Amino acid sequence: MTALHASGKPDARLPTFNTVPREFIRKVFVFEEEEKAVKVTVMNPSFGAIFTLIVATLFSPGLCLGLQMKPDVIYASNIRGNVYLFAGPMANCVALMGKDGTLLVDSGEDAAYAEGMQKALNARSSEKPRETRPDPAVRLVLLTHKHFDHVGGNEFFAKKGATIVAQENVRTEMLDGGGVPSDVLPTTSFKEELVLHFADEEVVLQHYDIDGAHTRGDTVVFFRKANILCTGDLFLNGMFPHLDARDGSNVSGIVRSLRRAAALINDQTIVIPGHGAISNKKEMLGYAFLMESLNNTVTGMIDRGMPLEKILVANPAKEFEPYFGTLKLTMFGNDYQSDPDTIVRMIFQCYKGGASSGKTK
Amino acid sequence: MKPFCTLRSNLRNAFLFSLISLALSSSALQAEGAASETVHLRGGVFRLTGTMANSTALSGADGTLLVDSGQNETEAKAMLAAIQTAGLGPVDYLVNTHRHYDHVAGNAVFGSGGAAIIATPSVRESLATNPILPNVPLLPSVALPSICFDKELTLFFDGEVVSLYHPQGPAHTEGDLVVYFRHADVLATGDILFWGMYPYIDPAGSAPGMATALREVAAMIDGNTIVVPGHGPLTDRKGLLLAADMLEDVSQTVARLAAEGKTLPEIIAAHPSARWDEAFGKGFMSPDNFVQLVYNTLPANTGKAK
Ligand SMILES: [Zn+2]
Ligand SMILES: [Zn+2]
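Residue numbers (my numbering), protein chains in the order written: chain Y, 1 to 361; chain L, 1001 to 1306.
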């Protein structure tokens, strides 16, 4: 199975993840009672967001469930209508089940996880009365972006006949990796917007024509009737953004994309981030706001000619640490870190990388 | 939604129906015989015969993609039979180039067979709201497009790269798309191109808009591309550009005469399309009817005349 090691080092003022009673996690994150799950008090735009992000960080399934959940108990949480969430040890995947089949947003980290999701969908289907029983066979896989923890189950579902849909840059980026089997690649690629009518739902995919955000092919998926937005890794609830200069990442692109996505939704929308606990519009915009101010601080230092070492000493992301935690994951031999130093390094590398082709606005 | 919309659309469709079905009655009759055949064009791309509008198919290991579903279910079933006779795979995708009945009436035949139907969003909206012809029921939901894209959609299917592209509109209608099979180098234009005849123009479209769309699409292809028009025989990039020249020339002349204060009968009497009649005037649409259409869809006149 997946080699998943995580070492959380949260702020001392907050209870550690392992001390949160499991029943409570289930209650909050398995969302059998939807209202409890979504209701989060927000005090004012900035502090409110910080507060809710503390809550989100605390209970982020990417952090806490990830530590405790065994991959063989993959669970499909019914969030609203016929939409289900797989709050996995890694990326969040979302399923829409209907009479003519199932649509999946992101395919998980690998074939084993994909198979686990399929089993959970089969179980969900069989618990429904025969007349209204949905077909758990996955017909469509929509990718939010190219990263392995979101596309690892492609082959599993494609071999069973699913069509893989993504923004056109995702296919190009995956092909650039070389040696990719064709079953893994998206076979339906759109440019800016695609609307799917599936399972009595209107599924809107939007890519914002912005010069790189988390990657160059980020797509948000909005279930209009169920009022659920999947952001992919544009929004990592309780974590700093993950940036990679090779992917064209930059924080300002992420911020602008999130603000464009916010135009689709309202205060009742359930927002499902790429990783971390489910959320809402205010939290998502709060995240964008905090990341924008951090980004402005760091890029301002770069513009004033400060070398990376000095910026790290100044530690501009320190004040965010309680809210975005310190997370270190090793997945398939790669280290994934979310901490104040790492985000500063990432902003520096990506900003420098983009500096020759014009500053990010 | 808005009742007058439905009414206008009915009038629109009635007009289209009377024009096309009367003028093309010979091909319509041909369809009564319900015979269709596949004719290989290039690569995995085929043309289907025996239908009023041109339908194109891509076939290969993954199955079949069909462009436009015929003017009625009889035509659709004939095409389905032809596809099966030729041993081509099941129809997994159906693309509607636009909302007119002669391109969508067979949707249910393929939709109920499991095809995913692809179109621009306004096509779905129109088909879900308005009957495709006067006094016929709305299409069933299985006939509605389920994949709707805004500008561009690419399918990697049967080893082919299929680019679906919505040129800037309104052109023939407000929601036209073209289908370009890149490897086979075959372009199916839908009704932004009628070849060998003057085109019908929907009240939502315009002659200059069609010319702009044709020029935009011409930039995607080259001299070797096989161009399948919405109606009429196969042509190429030159033919496509000639149609664009014709649309521009006639609409400019008609607009100039209208600006000079000429009435529609006076404009028709001036024969503004005379130099194109040899190439385009022998089809289902007479030069006079075409001039009237161009006049009605001039930006200044839309909404005034039906
Ligand atoms: Zn990612
Ligand atoms: Zn037509």
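I should point out that these hints are in silico values taken from the structure, not numbers from a laboratory. Hints may contain errors.
In the SDA-like style, the derived pairs of lysine to any residue whose C-alpha atoms are separated by at most 20 Å in a straight line are [stated by the list, open to error]:
| # | chain 1 | residue 1 | chain 2 | residue 2 |
| --- | --- | --- | --- | --- |
| 1 | L | K1151 | Y | V204 |
| 2 | Y | K160 | L | G1114 |
| 3 | Y | K281 | Y | K119 |
| 4 | Y | K191 | L | F1156 |
| 5 | L | K1151 | Y | D209 |
| 6 | Y | K191 | Y | D247 |
| 7 | Y | K99 | L | A1108 |
| 8 | Y | K160 | L | G1089 |
| 9 | Y | K225 | L | G1114 |
| 10 | Y | K99 | L | S1146 |
| 11 | Y | K191 | L | D1150 |
| 12 | Y | K191 | L | E1152 |
| 13 | Y | K99 | L | S1141 |
| 14 | Y | K99 | Y | D200 |
| 15 | Y | K128 | Y | V204 |
| 16 | Y | K281 | Y | K160 |
| 17 | Y | K119 | Y | G98 |
Which residues of chain L face chain Y? A partial, calculated answer using Cβ under 8 Å [to be verified]:
| # | residue |
| --- | --- |
| 18 | P1121 |
| 19 | S1122 |
| 20 | C1148 |
| 21 | D1150 |
| 22 | K1151 |
| 23 | E1152 |
| 24 | T1154 |
| 25 | L1155 |
| 26 | F1156 |
| 27 | F1157 |
| 28 | I1221 |
| 29 | L1264 |
| 30 | I1268 |
| 31 | W1276 |
Just so we're clear, the structure is a prediction, and the values are computed from it rather than from any experiment. Even glycine gets a Cβ: it sits at the ideal position worked out from N, Cα and C.
Consistency of the hints with the structure:
| no. | hint | verdict |
| --- | --- | --- |
| 1 | K1151(L) / V204(Y) | holds, 14 Å |
| 2 | K160(Y) / G1114(L) | holds, 16 Å |
| 3 | K281(Y) / K119(Y) | violated, 31 Å |
| 4 | K191(Y) / F1156(L) | holds, 14 Å |
| 5 | K1151(L) / D209(Y) | holds, 13 Å |
| 6 | K191(Y) / D247(Y) | holds, 18 Å |
| 7 | K99(Y) / A1108(L) | holds, 18 Å |
| 8 | K160(Y) / G1089(L) | holds, 18 Å |
| 9 | K225(Y) / G1114(L) | violated, 24 Å |
| 10 | K99(Y) / S1146(L) | holds, 15 Å |
| 11 | K191(Y) / D1150(L) | holds, 8 Å |
| 12 | K191(Y) / E1152(L) | holds, 6 Å |
| 13 | K99(Y) / S1141(L) | holds, 14 Å |
| 14 | K99(Y) / D200(Y) | holds, 9 Å |
| 15 | K128(Y) / V204(Y) | violated, 27 Å |
| 16 | K281(Y) / K160(Y) | violated, 35 Å |
| 17 | K119(Y) / G98(Y) | holds, 16 Å |
| 18 | P1121 | holds, 6 Å |
| 19 | S1122 | violated, 11 Å |
| 20 | C1148 | holds, 4 Å |
| 21 | D1150 | holds, 4 Å |
| 22 | K1151 | holds, 5 Å |
| 23 | E1152 | holds, 4 Å |
| 24 | T1154 | holds, 4 Å |
| 25 | L1155 | holds, 6 Å |
| 26 | F1156 | holds, 4 Å |
| 27 | F1157 | holds, 6 Å |
| 28 | I1221 | violated, 19 Å |
| 29 | L1264 | violated, 40 Å |
| 30 | I1268 | violated, 42 Å |
| 31 | W1276 | violated, 35 Å |
Against the hints set out earlier in the document, violations occur for numbers 3, 9, 15, 16, 19, 28, 29, 30, 31.
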